[in-house]
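K.L.:
Residue numbers (the working numbering), protein chains in the order written: chain A, 1 to 570; chain B, 1 to 126.
Watch out, some of these pointers could steer you wrong.
Stated by the list, open to error - Computed spacing ranges between beta-carbons, pair by pair:
| no. | chain 1 | residue 1 | chain 2 | residue 2 | range |
| --- | --- | --- | --- | --- | --- |
| 1 | A | 61 | B | 72 | 19 to 29 Å |
| 2 | B | 59 | A | 44 | 42 to 52 Å |
| 3 | A | 182 | B | 86 | 38 to 48 Å |
| 4 | A | 238 | B | 2 | 50 to 60 Å |
| 5 | B | 7 | A | 389 | 54 to 64 Å |
| 6 | A | 181 | B | 72 | 43 to 53 Å |
Simulated from the structure, these hints should not be mistaken for laboratory data. Since we're looking at a predicted model, the values are computed, not measured. Don't be surprised by glycine CBs; every beta carbon is placed ideally from N, CA and C.
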Amino acid sequence: MSDIFFLVLRRLRTPLILLISVYAVATLGMTLIPGVDPNGEPWRMGFFHAFYFVSFMGTTIGFGELPYPFTDLQRAWVLVCIYTSVVAWLYGIGTVLRLTQDETFISAVAQRAFKLSIKRIDRPFHIICGYGETGQLIVRGLSELGIQAIIIDLHSERLHSLKLEELSVPAIVLGGDITDPDNLLAAGINHPCCRGVIAVTQDDHTNLQIAVASKLVNPDMPVICRSEIQDEADNMASFGTDSIINPYLVFGRRLSLLTTNPELHRIHNWFINQHTAEHINERITHEGLPGGDWIICGYGRFGKAVEHYSDDGHISVTIVDIDPEASGAPKGSIVGRGTEADTLIEAGIKSASVIVAASDDDANNLSILITAKQLNNDIVTIGRVSQETNNILFMHAKCDYIMRRSQVVANEVLTIISRPLVTKFLQYSYSLSPSATNDLITEICRLTNDNDPVTWRLVIDSKGAPAILQFIDNQQALTVEQVSSNSKLPGTEGIPLLLLRGGMSHLLPDPDMPLKLGDELLFCGRRNQTLLAQKLRDNIELVDSLYNQNRHHIPLLRWLKRRKKLKSVD
Amino acid sequence: MNLEKVIFAFFIILALSLNFSFFIGELSEASHHHVNELFAALIVSLICTVMKFGDRTHFGSTVLASSLVVDLLLIAAAITWGVSTVNHGSITPTAMATVTSLAGGALIANLLSVVLLIIETGQIRK
Numbered sequence: 001m002s003d004i005f006f007l008v009l010r011r012l013r014t015p016l017i018l019l020i021s022v023y024a025v026a027t028l029g030m031t032l033i034p035g036v037d038p039n040g041e042p043w044r045m046g047f048f049h050a051f052y053f054v055s056f057m058g059t060t061i062g063f064g065e066l067p068y069p070f071t072d073l074q075r076a077w078v079l080v081c082i083y084t085s086v087v088a089w090l091y092g093i094g095t096v097l098r099l100t101q102d103e104t105f106i107s108a109v110a111q112r113a114f115k116l117s118i119k120r121i122d123r124p125f126h127i128i129c130g131y132g133e134t135g136q137l138i139v140r141g142l143s144e145l146g147i148q149a150i151i152i153d154l155h156s157e158r159l160h161s162l163k164l165e166e167l168s169v170p171a172i173v174l175g176g177d178i179t180d181p182d183n184l185l186a187a188g189i190n191h192p193c194c195r196g197v198i199a200v201t202q203d204d205h206t207n208l209q210i211a212v213a214s215k216l217v218n219p220d221m222p223v224i225c226r227s228e229i230q231d232e233a234d235n236m237a238s239f240g241t242d243s244i245i246n247p248y249l250v251f252g253r254r255l256s257l258l259t260t261n262p263e264l265h266r267i268h269n270w271f272i273n274q275h276t277a278e279h280i281n282e283r284i285t286h287e288g289l290p291g292g293d294w295i296i297c298g299y300g301r302f303g304k305a306v307e308h309y310s311d312d313g314h315i316s317v318t319i320v321d322i323d324p325e326a327s328g329a330p331k332g333s334i335v336g337r338g339t340e341a342d343t344l345i346e347a348g349i350k351s352a353s354v355i356v357a358a359s360d361d362d363a364n365n366l367s368i369l370i371t372a373k374q375l376n377n378d379i380v381t382i383g384r385v386s387q388e389t390n391n392i393l394f395m396h397a398k399c400d401y402i403m404r405r406s407q408v409v410a411n412e413v414l415t416i417i418s419r420p421l422v423t424k425f426l427q428y429s430y431s432l433s434p435s436a437t438n439d440l441i442t443e444i445c446r447l448t449n450d451n452d453p454v455t456w457r458l459v460i461d462s463k464g465a466p467a468i469l470q471f472i473d474n475q476q477a478l479t480v481e482q483v484s485s486n487s488k489l490p491g492t493e494g495i496p497l498l499l500l501r502g503g504m505s506h507l508l509p510d511p512d513m514p515l516k517l518g519d520e521l522l523f524c525g526r527r528n529q530t531l532l533a534q535k536l537r538d539n540i541e542l543v544d545s546l547y548n549q550n551r552h553h554i555p556l557l558r559w560l561k562r563r564k565k566l567k568s569v570d
Numbered sequence: 001m002n003l004e005k006v007i008f009a010f011f012i013i014l015a016l017s018l019n020f021s022f023f024i025g026e027l028s029e030a031s032h033h034h035v036n037e038l039f040a041a042l043i044v045s046l047i048c049t050v051m052k053f054g055d056r057t058h059f060g061s062t063v064l065a066s067s068l069v070v071d072l073l074l075i076a077a078a079i080t081w082g083v084s085t086v087n088h089g090s091i092t093p094t095a096m097a098t099v100t101s102l103a104g105g106a107l108i109a110n111l112l113s114v115v116l117l118i119i120e121t122g123q124i125r126k
């Protein structure tokens, strides 16, 4: 506050001095110049009357020539005073107005407002650096989850569109350079409620700078970075960035699932894309991608990732690139963009099963896909969208699988933040065999009636599951099976997907595994349905009646029976 | 030879001098204290206060505070004068004494302001 105050005072110095001098000279003049009263006697104004007159003259009120009409000399002096005082006032007001338009002033006010609102936060929040397309998706997702977001972006104009968003949890914004550590501190990285820093600017190096700064200032604060260049990613990993998301690698890996284990891809899709749905052809979800000849147009980062992950026996890849030598394409690559029919025919479009439009220009990609469909109607088309706004064009072009860079990053980030166990599960799920995945899918579909499942996490500690903990503490065992389903309560079944115990993850845990303090269990269940585990965790009576064979209905008898059982265990 | 600093120092010393010139003389003798001098002292003091705005150092704030005290006392003196000469009467010795003593108080604050300025100048040289 004092900053702004002093800024204003400094600016107002000259106008104020001018005003004071003008008034002083005017008043002095009025006292010195003699007037004539109606009787013809000379008369002089005192300072008080002079000041009174000059006041109402200067503010252009003009009551009149008081107390007696003025002599010509007095009037001449008043003329001079009028013009100078009005000019002095205008100058003063002009300076004040100019001050409010001043950039330094405005940014000083904005900074102060920002700092104040950060201080007042009392709920967990995340700092998001970069409000591009990815940032927008993340903020929307966070708002739906009820998590506060603090956004910093270099371009204040981008932040203006935030006002139109109507988020349920309004975000706090600041237009400023996030690589300036002062801004990072001002954003509340050391605030007790801060839960993480998310660096999703367009520039990898900026993300790196943010990660470095965050880790130095607050080493315990989780940092999630987006990185598209491997060098920068390695750099980030070297000092402990918690998660580095490369959209191309992430997507490429999931794409490879479509060829090796399409059911697993379906599971991934369910669990990750809960915030914004991916656009993928239904047929491909069920059947997966065909093997055979693939054409990749554009050997950029995405193209390279697809080629890397499709490297198994069933797929032979042909690369089409403008400059195969410069991009390091393997031998046999076709030179060209892939937008003309000739290039595609040369690449073998007639016999190809899949074409991937992987260049960084959306118009070129659309052209490639349309041309490809014209030449080979049965081909599966996969397109990369660089600008979110072009997504609708790709959908109209009937692209079978659309890769939206920003969406991939945003969904990963949101899953990491809100459902960290899911992230672990998906990581380990790559080790599942197709038959095991098949079994899992069948189970899930049976449970949810072919609808999309939801996930839920059970934490065995005094806050998350007091009843279960109490039961276990009394040296009675409770297995995974017992918290997943019980025939007495149909419709509350949940499928245990992952058990996290002491840093070790157990994928699809053994049903007979007993629960211990500190365990975290990931369940998959039907939407809008309370799971058995949810019911059990804080309801000791329910645990009792189900697993203690406590058949009494009267609370007193139940309590007695519990005491008896306790005594017998001891 | 910094013009801005010359003007700054000029006005501060002028404020002190004018204040003293008004104050000096017998306490309640109206002929010793001319109203124009009070006027001049007040105006220059106001200008000094405005010039001291915007200084964020500790010194600056103390100097500004003392300047504000001077303004306050001189304005009080002017009001007392005005009130006691209501309807063009001439000022009574008691009122004159009040005015002069208020101006005396302002003089002390002015002196303090100048002393602080000298100390600040001395520090910069080092």
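K.L.:
Each hint needs a verdict: does it hold in this structure or not?
P.N.:
Results of checking the hints against the structure:
no.: 1; hint: A/61 <-> B/72: 19 to 29 Å; in the structure: 27 Å, holds
no.: 2; hint: B/59 <-> A/44: 42 to 52 Å; in the structure: 43 Å, holds
no.: 3; hint: A/182 <-> B/86: 38 to 48 Å; in the structure: 59 Å, violated
no.: 4; hint: A/238 <-> B/2: 50 to 60 Å; in the structure: 53 Å, holds
no.: 5; hint: B/7 <-> A/389: 54 to 64 Å; in the structure: 59 Å, holds
no.: 6; hint: A/181 <-> B/72: 43 to 53 Å; in the structure: 44 Å, holds
This entry does not satisfy hint 3, going by the numbered hints stated previously; all others are met.
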